[in-house]
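Asks: For reference, the chains in residue letters:
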Amino acid sequence: MTKRTFLSAAVCGLGLVLGAGCASDDASQLNPEGIGADAPLPVRGALGELIASHPLQSQTIYFDYDSARIKDSETPKIQAAAKHLIENFRVQCELEGHCDERGSGEYNMSLGERRAQAVRAGLIGFGIEASKLHTKSFGEEKPIDPEHDESAWRKNRRVEFALYK
Amino acid sequence: MKKWVATITLVVVAEMTAFGQDVRIVRPGMEISSIDISAFRIEEGGQGALFLRTLESDLDRSGWFVLSKRGGAAITLDGSYSESAGRASVYGDLNNRAMGRNFFRKTFDDRKTAARKLAHQLADEIVRAVKNAPGIAATRIAMVGARSGKKSVYLCDADGSNLVQLTKDDGICLALGWAPDGRSLVYTSYTGGFPDVYRIDLDANRRVALSKFPGLNACADIAPNGSEMALTLSKDGNPDLYVMGLGRRGGLERLTRTPHAAEASPSWSPDGKRVVYVSDQAGTPQLYVTDRGGRAAKRVTFVGNENVAPDWGPNGAIAYSSRRAGRYVVYALDPDTQVERQVSGADADYEDPSWAPDGRHIVCARKVNYHSEIYILDSKGGNPIRLFRMEGEWTSPAWSPK
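Protein chains in written order, with the numbering used here: chain B, 1 to 165; chain V, 1 to 402.
Calculated directly from the structure, the hints in this document are not laboratory data.
Warning: the hint list may mix true and false statements.
[To be verified] Listed below are the simulated DSSO-like cross-link pairs for lysine-lysine, each with C-alpha atoms no more than 27 Å apart in a straight line:
1) K235(V) x K165(B)
2) K150(V) x K131(V)
3) K155(B) x K402(V)
4) K155(B) x K273(V)
5) K131(V) x K367(V)
6) K165(B) x K273(V)
7) K131(V) x K142(B)
8) K235(V) x K83(B)
9) K150(V) x K142(B)
10) K142(B) x K235(V)
[Claimed, not checked] Some, not all, of what chain B presents toward chain V, calculated at C-beta under 8 Å:
11) P40
12) L41
13) Q59
14) E141
15) I144
Don't be surprised by glycine CBs; every beta carbon is placed ideally from N, CA and C.
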C-alpha cells in the first residue's frame, strides 16, 4: 500500500464518522464531505481472477434517471458490500456503472462512470481502501433488460459489483 | 505500447447505390440554381453511366442545385467522360450562358475504376465555382455499425456508397472523431476490455491505443492544430475533461474540476481556443463553453432538460441534440449570441449531429421505434436523406473534415 492510499483510507474512516446522518442530495451523501471522491483509481493490473459467484451479485445498486445520487433504499446494499469487502480483505472490487438506453451514448458513458464512483465514494466512506476499488462504465451498452419501457429502464440504471481474487 | 497495435481488417461490405431512395423536397429560394447537364457526353459501355448518375446525385445532394433537362437552366455543363488504356478522363465546361460567363474549363484524369471519385471532384468544382462554397461530394462519413448485435467502425462516401468495415471490435465502440487532416480517426472502444481511446490510421490500416488510464477514457476530439485532443478521463476520481498532447512528449492538462458532476463530449471551436462540452453540474446534462485553459466555463443552453452531443462546426455554430417534449431534436446554436435554430424535425429522435465541412449539412443518427439509421440534414431546409439502406443499427456518425 502506498503512503498516499493509506492516508486517504484513514481520512475516509474519519469522514464516515463525521458524515453519519447528514442528509444531502449530492451523489455521495454516504460520504458528504466527498472524501475519496477524488481518490485516484488503482492501476488495472491489480485485478486478478474474476470470482464467478459471490454474495454481492444480489446487491446491485439502482439509480433514478440522469442521476448518480445514492437513494436511501440503496444505502444498506453499500453497507453490506463494505462488510463483505472488509471480511474478504484480499478481494479487489470492480464497480460497473450502467445507464438506461435513453439519451446520449457519450454522456451515458460519463454518467455510468459517475454512478460507479458514487458507490466507490460510499464504500470509501465505510472504510474500504481506495486502492481496492476499481470502476468501469458501460454507459447504455449492456442493459440487463432489453425491453424499452420504464420497468426495463429502472433495472438498467445500476452499478454491479464484480469481484476479483 | 506494442501489444496495443492491431491490424485493421478492411472489408468491403457491399457496392451500394445510394440514388433515388428518398424523395427530396427542395425549399424554393434564391440560393438554389437550376443546372442542365444533358449536353454532357458519355461513351457507351465502361463506367460512363455510373459517372453521370454519381454526378447528378452529388449536385442534388449539395443542396445548391436542381437538375433541369428542359432548357432554360441558369447553369449548363458541357463536356465528356471517356476511357482509354486503363485511364478515365473528364472534361467539364461550365457556363452561365445568359450572363455570358464561363466558370471553368477543366480536365480531370484518374484510374478507370475511379468514375465515382471523378464525379465527386467535378461536382465539388461546380459548387465551388458557382456558389463559392466548399463541396461535400468527395468527403466521407465514419460511423458505428452493429450488423450482428456487436459494434464496429465503418466508413463510406458522403453519398452512402463504398461502405467498408474498418475495425472488428465486435463489442462496444462509440464517439468517433476525425483528425483535422482527415487521415485518421479517434474513437472509444472496449477491445482491450476497458473503455479506451484509440486512433485508426487510415493510410497505414493500423490501430493504436492513445489513452488507457484506469477508469474511463472516452469521447476524444482532436484539436484543429492536430497536436492534442480533449477527452473524458476518470483516473483522478469523477469523470472530468482533459487535454492530452498527441506528440512524443504527451502531456496532460485538466480542463474541468467538478467532483460532483460528469463531463462528456468535448468539441473544439474552429480556432482551437474554446471547447464546448456536456456537464450535469446543474442537475441535468447541459452544454458549457470553456476556454482552452479551462477558465471561464459558461453554460450556453437553458431550454430543455437534456442538451447533449455538441459538435462545433466550421461555420462557428454548435450542432447538438436537445430533448424537447420527449423527442431528441437537432439544434444549431450561436454560442456568443445564444440564439438557437431548429435543424431537424421532431418526427423521430435525431441524435449525435456532426457538421459537414461545408458548414451547411449535418449527419446524425435518426431513431424510430428503437431502430437507428444515419441521415443527412440540410440546415438550409429540405427533407432528411437516408445515407444508405442496410440492416443493423447505425450510430455515432462523424463527417470527415475534407
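Asks: Do the alpha carbons of K150(V) and K131(V) lie within 27 Å of each other, as the hint requires?
Replies: violated, 42 Å
Asks: Holds or violated: K235(V) and K165(B), Cα atoms, limit 27 Å.
Replies: Satisfied, since the Cα-Cα distance of roughly 22 Å is no more than 27 Å.
Asks: Can the restraint linking K155(B) and K273(V) be considered satisfied, given a maximum Cα separation of 27 Å?
Replies: violated, 42 Å
Asks: Quick check on P40(B) please, does its C-beta sit within 8 Å of some C-beta on chain V?
Replies: holds, 5 Å
Asks: Holds or violated: K131(V) and K142(B), Cα atoms, limit 27 Å.
Replies: violated, 47 Å
Asks: Can I144(B) be said to touch chain V, with a Cβ gap under 8 Å?
Replies: violated, 15 Å
Asks: Hint L41(B) vs chain V: min CB-CB distance below 8 Å?
Replies: Holds - the Cβ of L41(B) comes within 8 Å of chain V, reaching about 4 Å at its closest.
Asks: Closer than 8 Å between Cβ atoms is the bar; does Q59(B) clear it against chain V? Give me holds or violated.
Replies: violated, 21 Å
Asks: Against the 27 Å threshold, does the CA-CA distance of K150(V) and K142(B) hold or violate the hint?
Replies: Between K150(V) and K142(B) the Cα gap is close to 11 Å, so the pair holds against 27 Å.
Asks: Taking 27 Å as the top limit, are the C-alpha atoms of K155(B) and K402(V) close enough?
Replies: violated, 43 Å
Asks: Is the straight-line distance between the alpha-carbon of K142(B) and that of K235(V) 27 Å or less?
Replies: Distance of about 22 Å is within 27 Å: holds.
Asks: Is K235(V) within 27 Å of K83(B), Cα to Cα?
Replies: The given pair, whose Cα atoms are some 25 Å apart, holds under the 27 Å limit.
Checked against the numbered hints above, the structure violates hints 2, 3, 4, 5, 6, 7, 13, 15; every other hint is satisfied.
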